[in-house]
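Peer 1: What follows is each chain in one-letter form.
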Amino acid sequence: MLDRHADALVRAAGEGVDFDGLRVSSTPDGYRFETPETTAEGLSEADLRGRADDPYVTNWYFWEREVGGHGRPRRAFLRRAEDAPIHSTDDPDPEEDAGRAVPDRYAALRGSAEAGGDGGEADEADAVDGDGHGAGGDGGLVTEWGQLRIEATLGEGDARRYDLRHVDDADARAADLDSHDDPLDAREVGKLDGRERYRPLKTAPSLRRGWVFPSLDPRALTEAVEAFYPATVANWYREYEGELDVDHWVDTAERQTGIYDVIDELPREGVEYVAEACCVDSQCLRRREWEYDEGDDLAADGGDGPFPCREPCSLVVAAARKWTKLEAEEEREYTFTLTPSEREQVEDIVGAVADGRAAEIREADLSEGANRYRARYLRAKRFADGESDAGDGDTDDATE
Amino acid sequence: MSQALVVVAHGSHLNPDSSAPTYDHADTVRATGAFDEVRTGFWKEEPSLREVLRTVEADEVYVVPMFISEGYFTEQVIPRELRLDGWDVADWESDGLSADVATYTAADTGQTVHYCGPVGTHEAMTDVLVRRAESVTGDPDVGEGFGFAVVGHGTERNENSAKAIEYHAERVREMDRFDEVQALYMDEEPEVDDVTDYFDSDDVVVVPLFVADGFHTQEDIPEDMGLTDDYRTGYDVPADVDGHRIWYAGAVGTEPLLADVLLERAADAGADVSRAVEEVRESTRVAAGGSASPSPPEADD
Ligand code: SF4
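Protein chains in written order, with the UniProt record's numbering: chain G, 1 to 400; chain F, 1 to 301.
To be clear, the hints were calculated from the coordinates, so they are not data collected in a lab.
Model, not experiment: these values are computed from the prediction.
We treat Cβ as the ideally placed atom computed from N, Cα and C, and that holds for glycine.
Treat the hints loosely; a few may be bogus.
Unchecked claim - Quick list of the computed label-pair ranges, beta carbon to beta carbon:
1. T103(F) with V350(G): 51 to 59 Å
2. A174(G) with Y72(F): 46 to 54 Å
3. A174(G) with S2(F): 52 to 60 Å
4. V89(F) with D247(G): 21 to 29 Å
5. L244(G) with R30(F): 26 to 34 Å
6. R382(G) with G234(F): 37 to 45 Å
7. L14(F) with A354(G): 16 to 24 Å
8. F383(G) with R30(F): 48 to 56 Å
9. A175(G) with Y23(F): 27 to 35 Å
10. D272(F) with L244(G): 29 to 37 Å
11. D88(F) with L244(G): 52 to 60 Å
12. R275(F) with A107(G): 43 to 51 Å
13. R357(G) with M175(F): 55 to 63 Å
14. V89(F) with D293(G): 29 to 37 Å
Stated by the list, open to error - Derived coverage of chain G by chain F (criterion: at least 3 residues anywhere in the stretch with Cβ under 8 Å from a Cβ of chain F; other residues may be distant):
15. 173 to 179
16. 189 to 201
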């Protein structure tokens, strides 16, 4: 038992405690201590101190004395990370705010290590349910956030510790991963993808693997998540509270000035293609909540990740500028002569580039239409200009 | 009352290093403990200017733009994207160089936002330019026998940007530390291409007044000055050009002392940071002997 828990409990008992099932009060006959499992009355101070290692007490201490931040996104996010009711006891509608009670949560946080398991490395895949909650193979409570896997466990004095890593590294031994302590390292980890290319969109599903933050405290966990996926926690919480402020395409386009002023000229149909091209889950893990306009939804799939996208991002705005210019051109009719296989090959090439597979197609895999030799042959045969067709040289990326 | 510093910058979709100085300086300020929170927000990266304020818990927020001069971004883009209710550029009462602070409520978060002038026009930036000269020469007393050039875009893009260059050049001149001081421009006279025409001193330190290294500071300026024929092959520091030794420093924004300007801006706006200012001035000082060479060039957007 820890003195800091006992001291805090005695101090708080005067005003009364009512948190996550724990009720403690001071009465003329002594202290009263109540949990869903037990009730004790007429306790002396020593008796009360003797109960300070009860999970309900350490749980109260952790949330009320260490985490704090009532009404803050970070607290709600940490509650989610252990499948606790987001609003603890003061929530008016418990149905809407389901979560595990303390004993259940503690069992999960302790995981197999305390529940008769060997406490060793995970050798089975962790089961994560539809809400993203599951039991970790090596003893903890697992949640996912985009491509992040968070495993919560109990540390010293039942304070929570978090293991943060890529979801696809769930089964990796921590010793085999690059270990980090400073949550701000996440900025570097998330900067380049597995092919060392810059990730301009932080929520693109291209987070590299091979790293772990093995033991973060609550503050550090939220900092790291913020660095990987900025503002996702804040927006998720706003949405949870029913207060997400969505700016639809029309609002966003009309707000633009300078070189982006033009994007409100992109036809509605073009906006459909933008959402389809950029915002589906294969490209971005934010769940698109913005539509063409209020009451005028886009057909493209918005995705189903936990965190919402509340307005077109800067990347989409910059891309839309390009498409607005391109869509201003008049259509013309061209006549091509292609064999059926060549026509199919053109589609293969477009498909491979659009799905980001072009670089993976093996040099000698001639069954692939987007194979380099196949593409070069097609160019030699059908596109008379041969080698490089440099295009119109319009490669300006916006600096404004 | 808790207070936060939010550093806002341009960022890039193409250049992974453009945000590095912003992160570095924010980290320096964070380490002083002067603010309860220090965060960064970007026009082109995340969190976006639209959403950075909601990542801050404090009710009192000091926003400092990592921009060189007053203009389109500081006057239109940033206030609009931060949703500063009632923003009017006249509230800065600026002559193009003197924007200090104006205070608003952010419409989406209700926070009190003290919107500060950009780092580039603060008087403390002059010290950063000089510190940059110390860094690149590895000499904390550099001055005697040296010429000093501040380089900017020129008026073509923004009239105020040239004003900022003149302002700092004049302040360095008044220090009477370097033998000669000259403002140079990329797209107008006096041009940086002719740098050696403007100096008698054998040694000339050249510092671009840019917040981050990129296309201009790593490709254009080195080639324009004749430090190299092809930026990809790199250049020497110092490099011999027409009988002068050119000590090219790269963007002033990468100099660690820039963190001090962030603090000064917030202090001018009413933040309580006095002790932290001392700390940053001390911790970022140049040790005699160690020369810092610019990092290799990266394409900018
Ligand atoms: S606008 Fe689309 S691509 Fe951009 S963050 Fe939102 S969902 Fe992702």
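Peer 1: Please go over all the hints and tell whether each is borne out by the structure.
Peer 2: Hints, one by one, checked against the model:
no.: 1; hint: T103(F) with V350(G): 51 to 59 Å; verdict: holds (52 Å)
no.: 2; hint: A174(G) with Y72(F): 46 to 54 Å; verdict: holds (48 Å)
no.: 3; hint: A174(G) with S2(F): 52 to 60 Å; verdict: violated (35 Å)
no.: 4; hint: V89(F) with D247(G): 21 to 29 Å; verdict: holds (24 Å)
no.: 5; hint: L244(G) with R30(F): 26 to 34 Å; verdict: holds (29 Å)
no.: 6; hint: R382(G) with G234(F): 37 to 45 Å; verdict: holds (42 Å)
no.: 7; hint: L14(F) with A354(G): 16 to 24 Å; verdict: holds (20 Å)
no.: 8; hint: F383(G) with R30(F): 48 to 56 Å; verdict: holds (54 Å)
no.: 9; hint: A175(G) with Y23(F): 27 to 35 Å; verdict: holds (29 Å)
no.: 10; hint: D272(F) with L244(G): 29 to 37 Å; verdict: holds (34 Å)
no.: 11; hint: D88(F) with L244(G): 52 to 60 Å; verdict: violated (29 Å)
no.: 12; hint: R275(F) with A107(G): 43 to 51 Å; verdict: holds (48 Å)
no.: 13; hint: R357(G) with M175(F): 55 to 63 Å; verdict: holds (59 Å)
no.: 14; hint: V89(F) with D293(G): 29 to 37 Å; verdict: holds (30 Å)
no.: 15; hint: 173 to 179; verdict: violated (count 0)
no.: 16; hint: 189 to 201; verdict: holds (count 5)
The structure does not agree with the numbered hints 3, 11 and 15 stated previously, though it agrees with the rest.
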